[in-house]
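> Using the sequences provided together with the hints, build the complete structure.
The letter at position 66 of the sequence shown is residue 66 when you use the numbering used here, and the numbering goes up by one with no holes.
Worth flagging that the hints you see were computed from the coordinates, not collected in a lab.
Straight-line C-alpha distance at most 20 Å; calculated SDA-like pairs for lysine to any residue: (1) 107 / 156; (2) 162 / 99; (3) 162 / 152.
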Amino acid sequence: MAFTAAFFVLDEALSTHTGLEARIAELIMPSLHELGFELVRVSVLGRDTPTVQVMADRVDGSLITVDDCERISYAAGAILDVDDPIPGNWTLEVSSSGIDRPLTRPKDWNRFAGHVAKAEVLVPVNGRRRFSGVVLGAGEEGGRLRLDDGSEVVLPFRELRKARLVLTDALIEATQQMMRPAKPVDEDPAEAGGASESGVAEKKKPQRRH
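So, in structure tokens, the structure goes:
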């Protein structure tokens, strides 16, 4: 069976995620919540040795740290080892949603209203599949954008292929207000588990064998 990436809304009120990613999300969400995290997105990439990508934030909305990634990695890995939703070998990768984060849930669209985003839908809306504009929040039908020409469009959540914030000075400033205190400046990032160039904590789980 081939495993491919999928974009879906991980919101309990909108059960639009399907397949293997939905199964994994269902398995690990309770444990993540108990640890004080919320699941943003799950993707399964690759075929022979799939990589399970888990994207998460803290419940308070702040970006997770490298230490948080490690906690999530061990908790999620233990669950997936027991329930074994993926046959054969696989790799678990945990990361923060980052600054230019994907908009996977209605709460994301509401939280980042006023910021710029790009989106792509599966079924054309007004004859288009790709959109760029200012996020206006979420309604019952979908996410709302104000386009460059001043018009507004509603993108149905069930038809969203992907949506992501665009990195801007305003977004960086807003994100800094949500971030937790930084690690001491004399700490070696390599010793702490590494971090991406954007400063988002990331930790890869060693390959697991069944």
